[in-house]
Amino acid sequence: MTEVVTVPRMILFQAIILSLATTATTAEPYKNMSIGMEITLPSGASVVATSSDPPSCMIQGGTEQASWHMKIDRILETDQNTPQELTLLAYERQKSEDKSRILDDKAINIGNIEGWWLRTSLYIKEAQESTLCWLALPVHGDQAIMASILTTTEGWQRSGPSIIASLQSILVLDPATVLTQRISGLDSASTLLSDLSSESLSPCIGLSYWRQIQQFQEGQIRPIDIGYAHITSRIGTISEIGTSNASHGEKGLLVEVRSRILPDQETKIVTDTVGYYWMSFDGKEEMWSSITSRWKEKIKTVEKETGIRNRPTLGEPNPKLLILRQDVTSNRQLSPIEAKITNPWLPKTLTWIIGPWLSKERPSHLSWKTLNDYVDPPAETMRTDEIKSTASGFSVTTRMGDSDALVVTQYDSGGQFLRRTLGNGAVIFETNEKTLQAIWEPKGLW
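Residue numbers for the sequence shown follow the numbering used here, so the first one is 1 and each next one is one higher.
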């Protein structure tokens with residue numbers, strides 16, 4: 001009987017790379033536009049879930065018996081309750097008779113906003129004594145931002161000061177400013193996309209990049225190499241991808257990505273991805289095909305993904321993005337996925353060569369919808385990019401949805417990729433074929 005390496009979902013090059021980033025901690029404040037606030041997270045903490053309806057996020061930190069969970073909500077209607085009353089109502093819903101004690105019950109200043117802080121000792125069945133806290137901050141329009149923290153007594157003893165410091169860093173964002181920034185970002189993205197043509201995409205054609213992927217391991221001074229990628233671009237057609245039955249002669253931008261990653265040095269499982277990403281020059285049509293293989297010695301699994309977004313027509317002015325996935329190893333078709341297309345839409349092809357495309361026009365903020373295939377199943381999400389000038393060129397800081405994972409990419413003045421910082425010690429550098437071959441050929445992985 002042949003053993004196989006199980007693959008829970010299609011593992012793409014960018015998905016693996018982002019997984020390195022999502023475990024990261026960053027000095028950058030976490031900004032949630034749906035809730036309307038930003039907060040500096042405690043060291044080691046991360047956002048593990050978000051929601052836009054209702055606006056909320058879940059933050060997790062600590063380890064084992066000292067772990068803690070923080071939920072931040074935007075209360076859209078307080079019914080005229082004061083922050084003190086909101087925390088008391090929350091406590092009344094959770095307390096158990098004769099086994100709950102109020103430890104702190106006081107006003108607290110967060111910046112120039114006076115809120116209310118309530119910390120309690122709460123008995124939870126099978127968890128014994130726990131600490132449950134609430135922070136309520138009034139905001140404009142009879143609304144409030146409310147944070148609730150649950151941890152063990154040990155967890156509070158260890159992490160309480162850092163949690164308090166994190167709460168003290170909360171900055172309530174002005175709704176008008178948030179809306180203005182979002183509209184400005186959407187307008188800038190719409191303008192860029194409306195100008196798409198073979199001429200505006202000319203800096204993105206004929207590229208050939210080699211990228212070195214490294215990661216710092218705990219306790220090590222120097223990073224280790226965990227993979228590499230080769231990205232090329234040229235003029236091509238859908239028919240060259242090999243997924244279209246009909247002959248399709250329309251020319252567009254074709255990007256080819258080949259990568260090899262060894263993300264876990266202990267398991268030694270290698271992940272190879274070969275992807276072809278095509279889009280029409282006007283950006284209104286796209287298709288891609290990627291094949292991902294995970295292998296170790298003679299054990300191997302293969303999965304294939306195909307994405308199709310047709311051009312808008314009179315009968316279908318808002319076509320959906322269709323994603324087909326296949327487990328080639330077991331010859332099993334996975335459930336197809338449809339993603340709603342909302343303008344401005346960033347085609348997947350452009351994400352690979354966005355630096356050269358932005359080298360001439362550099363708006364400070366871009367907001368657009370795109371496919372988030374770092375989640376399962378892939379779904380439409382809002383991508384925001386903040387662009388800043390640097391000594392060598394410019395940087396792009398990218399956030400997907402309300403995630404706390406920030407990806408910072410450095411480019412030279414011409415849009416040439418220099419470096420991408422993913423957090424958790426993971427970095428990607430521009431390099432050359434000779435350097436990579438010298439690293440990976442002796443390992444038998446070239």
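I should point out that these hints are in silico values taken from the structure, not numbers from a laboratory. Given the structure is predicted, the values throughout are model-derived calculations rather than measurements. All residues carry an ideal CB built from backbone N, CA and C; glycine is no exception. Possibly wrong hints are sitting among the right ones.
What the hints assert, rightly or not - Label pairs and their in silico Cβ distance ranges: (1) Leu334 / Gln94: 23 to 29 Å; (2) Lys268 / Ile221: 33 to 39 Å; (3) Ile269 / Glu199: 40 to 46 Å; (4) Lys443 / Gly111: 51 to 57 Å; (5) Gly111 / Glu199: 44 to 50 Å; (6) His69 / Leu171: 19 to 25 Å; (7) Pro54 / Ser413: 20 to 26 Å.
As the list claims (entries may be wrong) - Below, a list of computed lysine-lysine pairs in the DSS-like style, where the Cα atoms sit at most 27 Å apart: (8) Lys268 / Lys434; (9) Lys369 / Lys320; (10) Lys95 / Lys296; (11) Lys340 / Lys251; (12) Lys340 / Lys31; (13) Lys388 / Lys300; (14) Lys99 / Lys296; (15) Lys251 / Lys284; (16) Lys251 / Lys298; (17) Lys99 / Lys71; (18) Lys71 / Lys95; (19) Lys304 / Lys369; (20) Lys320 / Lys340; (21) Lys268 / Lys298; (22) Lys304 / Lys284; (23) Lys95 / Lys251; (24) Lys296 / Lys251; (25) Lys304 / Lys320; (26) Lys360 / Lys304; (27) Lys369 / Lys268; (28) Lys388 / Lys340; (29) Lys320 / Lys268; (30) Lys369 / Lys388; (31) Lys340 / Lys360; (32) Lys268 / Lys251; (33) Lys71 / Lys298; (34) Lys388 / Lys251; (35) Lys71 / Lys31; (36) Lys388 / Lys31.
Hints, one by one, checked against the model:
1. Leu334 / Gln94: 23 to 29 Å: violated (41 Å)
2. Lys268 / Ile221: 33 to 39 Å: violated (23 Å)
3. Ile269 / Glu199: 40 to 46 Å: holds (44 Å)
4. Lys443 / Gly111: 51 to 57 Å: Holds, since Lys443 and Gly111 (Cβ atoms, about 52 Å apart) stay within the stated range.
5. Gly111 / Glu199: 44 to 50 Å: holds (48 Å)
6. His69 / Leu171: 19 to 25 Å: holds (22 Å)
7. Pro54 / Ser413: 20 to 26 Å: Violated, at about 44 Å.
8. Lys268 / Lys434: Given that 27 Å is the threshold and the Cα spacing comes to 23 Å, the pair holds.
9. Lys369 / Lys320: holds (13 Å)
10. Lys95 / Lys296: violated (52 Å)
11. Lys340 / Lys251: Given that 27 Å is the threshold and the Cα spacing comes to 25 Å, the pair holds.
12. Lys340 / Lys31: holds (25 Å)
13. Lys388 / Lys300: Not satisfied, since the Cα-Cα distance of roughly 43 Å exceeds 27 Å.
14. Lys99 / Lys296: Violated: Lys99 and Lys296 sit about 54 Å apart, past 27 Å.
15. Lys251 / Lys284: holds (13 Å)
16. Lys251 / Lys298: violated (40 Å)
17. Lys99 / Lys71: Measuring from Cα to Cα gives roughly 23 Å; hence the hint holds.
18. Lys71 / Lys95: holds (18 Å)
19. Lys304 / Lys369: Cα-Cα ~24 Å, so holds.
20. Lys320 / Lys340: holds (5 Å)
21. Lys268 / Lys298: holds (12 Å)
22. Lys304 / Lys284: holds (24 Å)
23. Lys95 / Lys251: Roughly 66 Å between the alpha carbons, so the hint for Lys95 and Lys251 is violated.
24. Lys296 / Lys251: Given that 27 Å is the threshold and the Cα spacing comes to 39 Å, the pair is violated.
25. Lys304 / Lys320: holds (20 Å)
26. Lys360 / Lys304: violated (35 Å)
27. Lys369 / Lys268: The given pair, whose Cα atoms are some 36 Å apart, is violated under the 27 Å limit.
28. Lys388 / Lys340: violated (31 Å)
29. Lys320 / Lys268: Roughly 38 Å separates the two Cα atoms, so the pair is violated.
30. Lys369 / Lys388: holds (21 Å)
31. Lys340 / Lys360: At roughly 30 Å apart (the allowed maximum being 27 Å), Lys360 and Lys340 break the hint.
32. Lys268 / Lys251: Roughly 40 Å separates the two Cα atoms, so the pair is violated.
33. Lys71 / Lys298: violated (45 Å)
34. Lys388 / Lys251: violated (33 Å)
35. Lys71 / Lys31: Between Lys71 and Lys31 the Cα gap is close to 14 Å, so the pair holds against 27 Å.
36. Lys388 / Lys31: Given that 27 Å is the threshold and the Cα spacing comes to 18 Å, the pair holds.
Violation of the numbered hints given earlier is confined to hints 1, 2, 7, 10, 13, 14, 16, 23, 24, 26, 27, 28, 29, 31, 32, 33, 34; the remaining hints are satisfied by the structure.
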